[in-house]
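Colleague: Each chain, letter by letter, is given below.
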Amino acid sequence: MDAESLLLSLELASGSGQGLSPDRRASLLTSLMLVKRDYRFDRVLFWGRILGLVADYYIAQGLSEDQLAPRKTLYSLNCMEWSLLPPATEEMETQTSVVKGRFMGDPSHEYEHTELQKVNEGEKVFEEEVVVQIKEEKRLVSVIDQIDKAVAVIPRGALFKTPFGPINVNRTFEGLSLSEAKKLSSYFHFREPVELKNKTLLEKAELDPSLDFMDSLEHDIPKGSWSVQMERGNALVVLRSLLWPGLTFYHAPRTKNYGYIYVGTGEKNLDLPFML
Amino acid sequence: MEDCIPVNQKIEHQELGETGRPWEETVTTSQDPELGLSEALELEQRPETGLQPRSSPPRTPGSGARTPDRPVGDLVGQCSSFPPSSSQELPSTLSPLALARQDFMAPSQSDKTTSVISEAETPHVGHLEQLSDKGGSTPHQICQSEGNTFHQPQQTKYPLHELRDVSHHTSKQKELRFDIFQEDDSNNNYHLDQPESGASEVAPSMLEIAIQNAKAYLLKTSSKSGLNLYDHLSEMLTKVLDERPENAVDIIENISQDVKMEHFSKKLDTLQNENEMLATYEIAEKQKTLFLQGNLEGADQELEDEILTDTHPIQKCRFWGKILGLEMNYIVAEVEFREGEDEEEVEEEDVPEERDNGDSEAYEDDEDELPRPFYRAPQAIPKEESRTGANKYVYFVCNEPGRPWVKLPAVTPAQIVIARKIKKFFTGQLDTPIISYPPFPGNESNYLRAQIARISAGTHVSPLGFYHFGEEEGEEEEEIESGRDSFEENPDFEGIQVIDLVESLSNWVHHVQHILPQRSRIHRLGQHGYPQISFLNMRLQSLDPTFGLEHMPFPMASKKFENLYIGWGHKYSPDSYTPPVPPPVYQEYPSGPEITEMDDPTVEEEQAFRAAQEAAADSTEENEETEEEEDDEDDYD
Chain A
2 MDAESLLLSL ELASGSGQGL SPDRRASLLT SLMLVKRDYR FDRVLFWGRI LGLVADYYIA
62 QGLSEDQLAP RKTLYSLNCM EWSLLPPATE EMETQTSVVK GRFMGDPSHE YEHTELQKVN
122 EGEKVFEEEV VVQIKEEKRL VSVIDQIDKA VAVIPRGALF KTPFGPINVN RTFEGLSLSE
182 AKKLSSYFHF REPVELKNKT LLEKAELDPS LDFMDSLEHD IPKGSWSVQM ERGNALVVLR
242 SLLWPGLTFY HAPRTKNYGY IYVGTGEKNL DLPFML
Chain B
734 MEDCIPVNQK IEHQELGETG RPWEETVTTS QDPELGLSEA LELEQRPETG LQPRSSPPRT
794 PGSGARTPDR PVGDLVGQCS SFPPSSSQEL PSTLSPLALA RQDFMAPSQS DKTTSVISEA
854 ETPHVGHLEQ LSDKGGSTPH QICQSEGNTF HQPQQTKYPL HELRDVSHHT SKQKELRFDI
914 FQEDDSNNNY HLDQPESGAS EVAPSMLEIA IQNAKAYLLK TSSKSGLNLY DHLSEMLTKV
974 LDERPENAVD IIENISQDVK MEHFSKKLDT LQNENEMLAT YEIAEKQKTL FLQGNLEGAD
1034 QELEDEILTD THPIQKCRFW GKILGLEMNY IVAEVEFREG EDEEEVEEED VPEERDNGDS
1094 EAYEDDEDEL PRPFYRAPQA IPKEESRTGA NKYVYFVCNE PGRPWVKLPA VTPAQIVIAR
1154 KIKKFFTGQL DTPIISYPPF PGNESNYLRA QIARISAGTH VSPLGFYHFG EEEGEEEEEI
1214 ESGRDSFEEN PDFEGIQVID LVESLSNWVH HVQHILPQRS RIHRLGQHGY PQISFLNMRL
1274 QSLDPTFGLE HMPFPMASKK FENLYIGWGH KYSPDSYTPP VPPPVYQEYP SGPEITEMDD
1334 PTVEEEQAFR AAQEAAADST EENEETEEEE DDEDDYD
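As you go down the protein sequences, you meet chains A and B in turn. The numbering of the first sequence is the numbering used here, which starts it at 2 and goes up by one. The numbering of the second sequence is the numbering used here, which starts it at 734 and goes up by one.
No lab work stands behind these hints, which were simulated from the structure alone. The structure presented is a predicted model; accordingly, all values stated were derived computationally and were not measured. Every residue, glycine too, gets a C-beta built ideally from N, C-alpha and C. Do not rely on the hints blindly, as some may be mistaken.
BS3-like, lysine-lysine: derived pairs with alpha carbons at most 25 Å apart [stated by the list, open to error]:
#1 B:Lys-957 - A:Lys-73
#2 A:Lys-162 - B:Lys-993
#3 B:Lys-1304 - A:Lys-101
#4 B:Lys-1304 - A:Lys-269
#5 A:Lys-37 - B:Lys-957
Quick partial rundown of chain B residues pointing at chain A, CB under 7 Å, derived from the structure [as the list claims (entries may be wrong)]:
#6 Lys-957
#7 Asn-961
#8 Lys-993
#9 Met-994
#10 Ala-1012
#11 Ile-1016
#12 Leu-1059
#13 Lys-1156
#14 Lys-1157
#15 Phe-1158
#16 Ile-1299
#17 Tyr-1310
#18 Pro-1313
Some chain A residues well away from chain B (every beta-carbon gap over 12 Å; in silico) [as the list claims (entries may be wrong)]:
#19 Leu-7
#20 Arg-38
#21 Pro-87
#22 Glu-94
#23 Glu-111
#24 His-114
#25 Thr-115
#26 Met-231
So that you can see chain A by itself, here it is in the shape it has in the complex:
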């Protein structure tokens, strides 16, 4: 959700039980402004909150002018002091994929993971148990990155591609119409397209190159990994990700108000096929 319209956004997203206390709101309003100034971001998004056992991580993201450029991610424990997280790498993801369970809430916490490694001694091959230390900060980075890539959502038309490549905010975006707001196909993944290249020419022919440059949600795997609901009598559309429970996307049709917030434990719902 946009840092500038934080209060309205929080109100809209509150239907999923994801709110912030008044003091947190106030401090976020102040500190995100400062973050925007200090890091020279074009836009600051309040990304959400990852619930830890001892403390929660509040996450914010800074966007540059090109909306799809790699984003900078910051975290804070008290909503006032923000620290920059390193960019996520694939190596981190494989490393941290072995860690299960909830976050602790202490970035310097180290998870211990024992794994078997093959050690060559002369001709014999031993299997040796090696204890690997994984820092929670790394896990945080990779989880945020995974969530961003999997379920960050943007309505169709909110961004547009300029002929020169960069992707800008569409100032004339006035919201989806009601009939479009109910369809999953009018929402896109807020990330570099992956599936788009695999489409056939016939499918591509119908796409508007300035708008349809991202992957649409409707082809997500498994089918049914989103719950679309109209609330307040069609005045608000809410998308909830079932794959990453805790991610809520909201959009009031015919207005510019849209955004997403993640409040959850930072764990992927691997049980989804059983639950549908």
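Chain A is already provided as a structure; the job is to place chain B on it using the hints.
Modeller: Below, chain B without anything else, positioned relative to chain A:
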């Protein structure tokens, strides 16, 4: 682009630079009204022409360089059609043409260069504005005033060329009929012809270039949106002329916005949803009743409860929470009926039992010889009476505030047992069948009720000392049996310091009965859970993960507290859900004397048997034959 112009031509036109420039400016001024008129006419006659300019590439060098998708042949055409324009640039570096020339080169660099050239274009902006003035009466004073400085010197010379100008117009009239852009084209041709006729030589090219420069500027594609002003203006004018709004000048900003919006909205669907907003009004109408009946103070939720309390004999009502579903959510209210006014709940008695009876009856029809299956379904544990145990409260749910409340059925132990083994999303429709393994006895309303019971039992806590056991409950034995069912508020409760509540979990206790593996209350099996009001002396870790729960005790007033659940209604577990293992396969009968048979009797045995019989038959000789036959038959059986 200028490479394709022969050098000698450039030199030839050099000398004309000075004289030609003012001269052609007069042409601009004189042409302006004419152009405006004719174009306005064009627009009127063919309203859709506004769209054409986009498809037919405008012939300007600047735009040619800018838009990459223009056909190459077009570029060549431009080169050949503009020898004068490029020739002018060499000698007069100070002239507006040269500046405008920069314009040609600049566009790919950045937007900032436009400010440099702006002076050169101003007259033409004015020109265009006049054009729009004719069509939609757009104010153009600003442009005019800027252009004035430029126009001044030419005004004096104007009479000299007047005659010629008139001739221009007359000759041009027919050509103007085509299109805005075709008309431009004809201008080009006309000016190109000028040197040949010898009357005014190349001079008009000056004007031409200036026009082209202005147009090039207008056609410059925005680096942000990929649109250009020229197309935008023409689209706007088309729209204005199409729709003929009153006081168009007042809403020109909105028209501009509408035109831009059209780029981003899909083409209209043939099937339009007419009643798009209907649902909004409908729910608003329903919710209106919520506010009318209650007194208008307090939050939304309380009012909902109030409506519920109006229609049912309710003693106590509490907002339990919200369970998210796939299509709709559930708002859950916890209700205690007034004494003796419970609603009838007879009709929903145990269905599975009835089925069992039917099965056993069906088997009785069979002949007695075949053995009947002696597997009996395990004795169903009867559900707890209303007002006790897990059925202490009645739960009402509704999908949205304002919609009718639906009473959930009472929970049975079997449902709780199965609900522990499955993990399904709620859909929001109470009659959805739950398709799961193991099979769930009931539909979604039963599953929802079971989850509510589990969540309540697991997470409803209160500050230590807030409740105490009812005093009238004297007998010790019954305390265990009924699980100390009743507790009441402690009137002497002083409140606990907030800091104590936050820092230590030992100040929180459960006040809802624990659900044993089998059910809430101990049922004839002597299973013993922890007492109902017990210290919640678990670690924080173990409290927090249960049910992804929002424990919302109100710490501000330490005499008040509240439990609230908002979530998907699933229990948290660090490991992934594992479906329960299939039940063990029943062992077959062990091979024993009843199963195995002897070998067939051999001939020797039969002969020995017959010999023995014959020996026996010697004593009774009368019935010999018949006996033998019978014996044979017996052996073969």
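Colleague: Does the claim that Pro-87 (chain A) lies outside the interface with chain B hold up, using a Cβ gap greater than 12 Å?
Modeller: The claim stands: Pro-87 (chain A) keeps its Cβ more than 12 Å from every Cβ of chain B (closest is about 26 Å).
Colleague: Quick check on the hint: Ile-1299 (chain B) CB to chain A CB, less than 7 Å?
Modeller: Holds - the Cβ of Ile-1299 (chain B) comes within 7 Å of chain A, reaching about 3 Å at its closest.
Colleague: Can the restraint linking Lys-162 (chain A) and Lys-993 (chain B) be considered satisfied, given a maximum Cα separation of 25 Å?
Modeller: Holds, at roughly 15 Å.
Colleague: Is the shortest C-beta separation between Met-994 (chain B) and chain A less than 7 Å?
Modeller: Where the cut-off is 7 Å and the nearest Cβ of chain A is about 5 Å from Met-994 (chain B), the hint holds.
Colleague: Would you assess whether Glu-111 (chain A), listed as outside the interface, keeps its beta-carbon beyond 12 Å of every beta-carbon in chain B?
Modeller: Holds, since 17 Å exceeds 12 Å.
Colleague: Do the alpha carbons of Lys-957 (chain B) and Lys-73 (chain A) lie within 25 Å of each other, as the hint requires?
Modeller: holds, 23 Å
Colleague: Can Lys-1156 (chain B) be said to touch chain A, with a Cβ gap under 7 Å?
Modeller: holds, 5 Å
Colleague: Checking hints one by one. Is Ile-1016 (chain B) an interface residue toward chain A, by the C-beta closer than 7 Å rule?
Modeller: At about 3 Å, which falls below the 7 Å cut-off, the nearest Cβ of chain A leaves the hint on Ile-1016 (chain B) intact, so it holds.
Colleague: Does the closest beta carbon of chain A sit nearer than 7 Å to the beta carbon of Lys-993 (chain B)?
Modeller: Check passed: Cβ of Lys-993 (chain B) comes within 5 Å of chain A, closer than 7 Å.
Colleague: So Thr-115 (chain A) supposedly isn't at the interface. Is its beta-carbon more than 12 Å from every beta-carbon in chain B?
Modeller: holds, 17 Å
Colleague: In terms of Cβ atoms, is chain B entirely out of 12 Å range of His-114 (chain A)?
Modeller: Non-interface label on His-114 (chain A) holds, nearest chain B Cβ at 14 Å vs cutoff 12 Å.
Colleague: Classify the hint on Lys-1157 (chain B) as holds or violated, based on whether any CB of chain A lies nearer than 7 Å to its CB.
Modeller: holds, 5 Å
Hints 7, 18, 26 from the list above are not met by this structure, while the remaining hints are.
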